[in-house]
Amino acid sequence: EPEVTQTPSHQVTQMGQEVILRCVPISNHLYFYWYRQILGQKVEFLVSFYNNEISEKSEIFDDQFSVERPDGSNFTLKIRSTKLEDSAMYFCASSGPSAPLFFGEGSRLTVL
Amino acid sequence: QKEVEQDPGPLSVPEGAIVSLNCTYSNSAFQYFMWYRQYSRKGPELLMYTYSSGNKEDGRFTAQVDKSSKYISLFIRDSQPSDSATYLCAMSLIPNTGNQFYFGTGTSLTVIP
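Respectively, the protein sequence lines represent chains A and B. Going by the working numbering, the first residue of the first sequence is number 983, and it counts up by one from there. Going by the working numbering, the first residue of the second sequence is number 31, and it counts up by one from there.
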């Protein structure tokens, strides 16, 4: 069964460092998303991406965040200068024609 | 006012019970409704999705949408200990346009053997 895969599963970084989280969406999907979930809190929308452009972004997705689809399979989230409050689970998701949202297992980011 | 409201629980039921999980929403333009199950420190797993008002059944799970009341429900029959998880409702406007999906806070369910 097709699935969304994410790497790394866990990353520990120092405050101020850059982090790149990687995702391989389901192959025939066209819409890509990043969500995050701070421990014990709700799943929060960050950004959606379609046709190599951002479709929608939340107020959380400020200038320190960026997304990219560098090739035909990967979808990345970059955090330029991490802050303590960026510590969370980051979920990549994708959807396609007549398909709901499918999530990856997440990348846990710990900022020290 | 939050887009999607969901009672966080926790909800604790004996094995074999019928579980009812609910969400209300404020935006009448929502058209696409989903339920996800999330185990601790794992990604949300899609359980059910539907476009329309009414009931949709899949095994022990039934999703119900009442657009006139802006209310959706998930029923779990013959609940099992393996159903213990957090259940998230989600909804969106026109699907497959890159619009965000709006999530409830999740309801924590424990099924006691």
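The set of hints was computed from the structure by calculation and includes no laboratory data. Careful, some of the hints might be misleading.
[To be verified] Some chain A residues flagged as far from chain B (calculated, every beta-carbon gap over 10 Å):
#1 V986
#2 R1004
#3 E1026
#4 S1030
#5 S1040
#6 G1054
#7 D1068
#8 M1071
#9 R1090
[Claimed, not checked] Chain B side only, calculated, beta carbon under 8 Å to chain A, not exhaustive:
#10 G46
#11 A47
#12 S50
#13 M64
#14 Y69
#15 G73
#16 P74
#17 L76
#18 Y79
#19 K100
#20 L123
#21 N129
#22 F131
#23 T135
[Claimed, not checked] Straight-line Cα separation of at most 30 Å, DSS-like style, residue types lysine-lysine; simulated pairs:
#24 B:K86 with B:K72
#25 A:K1024 with B:K86
#26 A:K1060 with A:K1024
#27 A:K1024 with B:K72
#28 A:K1065 with B:K100
#29 B:K100 with A:K1024
#30 B:K72 with B:K100
Computed from a prediction, not measured in an experiment: that's the story for all the values here. A virtual CB, placed ideally from N, CA and C, is assigned to each residue, including glycine.
Now for the hints, and whether the structure bears them out:
Listed as a non-interface residue, A:V986 fails to keep its Cβ farther than 10 Å from every Cβ of chain B; the least gap is roughly 8 Å. Every C-beta of chain B lies more than 10 Å from that of A:R1004, the closest at about 15 Å, which supports listing it as non-interface. Against the 10 Å criterion, A:E1026 falls within the reach of chain B, whose nearest CB is about 8 Å from its own CB. Interface exclusion of A:S1030 from chain B breaks down, the closest Cβ pair being 4 Å apart, not more than 10 Å.
At roughly 7 Å from the closest C-beta of chain B, the C-beta of A:S1040 falls inside 10 Å, breaking its exclusion from the interface. Against the 10 Å criterion, A:G1054 stays outside the reach of chain B, whose nearest CB is about 18 Å from its own CB. At the 10 Å boundary, the C-beta of A:D1068 stays outside the reach of chain B, the nearest C-beta of that chain being 17 Å off. The Cβ of A:M1071 sits about 7 Å from the closest Cβ of chain B, inside the 10 Å cut-off, so the non-interface label is violated.
Under the 10 Å C-beta cut-off, the non-interface status given to A:R1090 relative to chain B is violated; the minimum distance is some 7 Å. Because the beta carbon of B:G46 sits about 29 Å from the nearest beta carbon in chain A, more than 8 Å, this interface hint is broken. With 8 Å as the threshold, the beta carbon of B:A47 stays out of range of chain A, its nearest partner Cβ sitting at about 26 Å, so the hint is violated. Using the Cβ-Cβ criterion of 8 Å, the hint placing B:S50 at the interface with chain A is not satisfied: the shortest such distance is roughly 21 Å.
Satisfaction of the interface hint for B:M64 is found here, the shortest Cβ-Cβ separation to chain A being roughly 5 Å, below the 8 Å cut-off. A hinted interface residue such as B:Y69 counts as satisfied when its beta carbon comes closer than 8 Å to some beta carbon of chain A; here the least separation is about 10 Å, so the hint is violated. For B:G73, the suggested interface contact is upheld, since its CB lies about 4 Å from the closest CB of chain A, less than 8 Å. Below 8 Å, beta-carbon pairs count as interface contacts, and B:P74 has one with chain A at about 5 Å; its hint therefore holds.
Because the beta carbon of B:L76 sits about 6 Å from the nearest beta carbon in chain A, less than 8 Å, this interface hint is met. The closest approach between the C-beta of B:Y79 and any C-beta of chain A is roughly 4 Å, which is under the 8 Å cut-off, so the hint is satisfied. Given hint, B:K100 at the interface with chain A, is violated; its Cβ is 19 Å from that chain's nearest Cβ, farther than 8 Å. Annotation: interface hint on B:L123 violated; nearest CB of chain A at approximately 10 Å, more than 8 Å.
Restraint check, B:N129 versus chain A: the minimum CB separation of about 6 Å is within 8 Å; hint holds. Interface restraint check: B:F131 against chain A, minimum CB-CB distance 5 Å, threshold 8 Å, status holds. Proximity of B:T135 to chain A holds as hinted, the smallest CB-CB distance being about 4 Å (cut-off 8 Å). Using a Cα cut-off of 30 Å, the hinted pair B:K86 and B:K72 holds, with the two alpha carbons roughly 26 Å apart.
This hinted pair checks out: A:K1024 and B:K86 have alpha carbons roughly 26 Å apart, not beyond 30 Å. Distance check on the hinted pair: A:K1060 and A:K1024 sit about 21 Å apart at the alpha-carbon level, within 30 Å; holds. Distance check on the hinted pair: A:K1024 and B:K72 sit about 13 Å apart at the alpha-carbon level, within 30 Å; holds. In summary, the hint linking A:K1065 to B:K100 is not supported, as the alpha carbons are separated by about 38 Å, beyond the 30 Å threshold.
Using a Cα cut-off of 30 Å, the hinted pair B:K100 and A:K1024 holds, with the two alpha carbons roughly 20 Å apart. Note on B:K72 and B:K100: the hinted pairing holds, with a Cα-Cα distance of about 29 Å set against a maximum of 30 Å.
Going down the numbered hints, you'll see the structure goes against 1, 3, 4, 5, 8, 9, 10, 11, 12, 14, 19, 20, 28, while the others check out.
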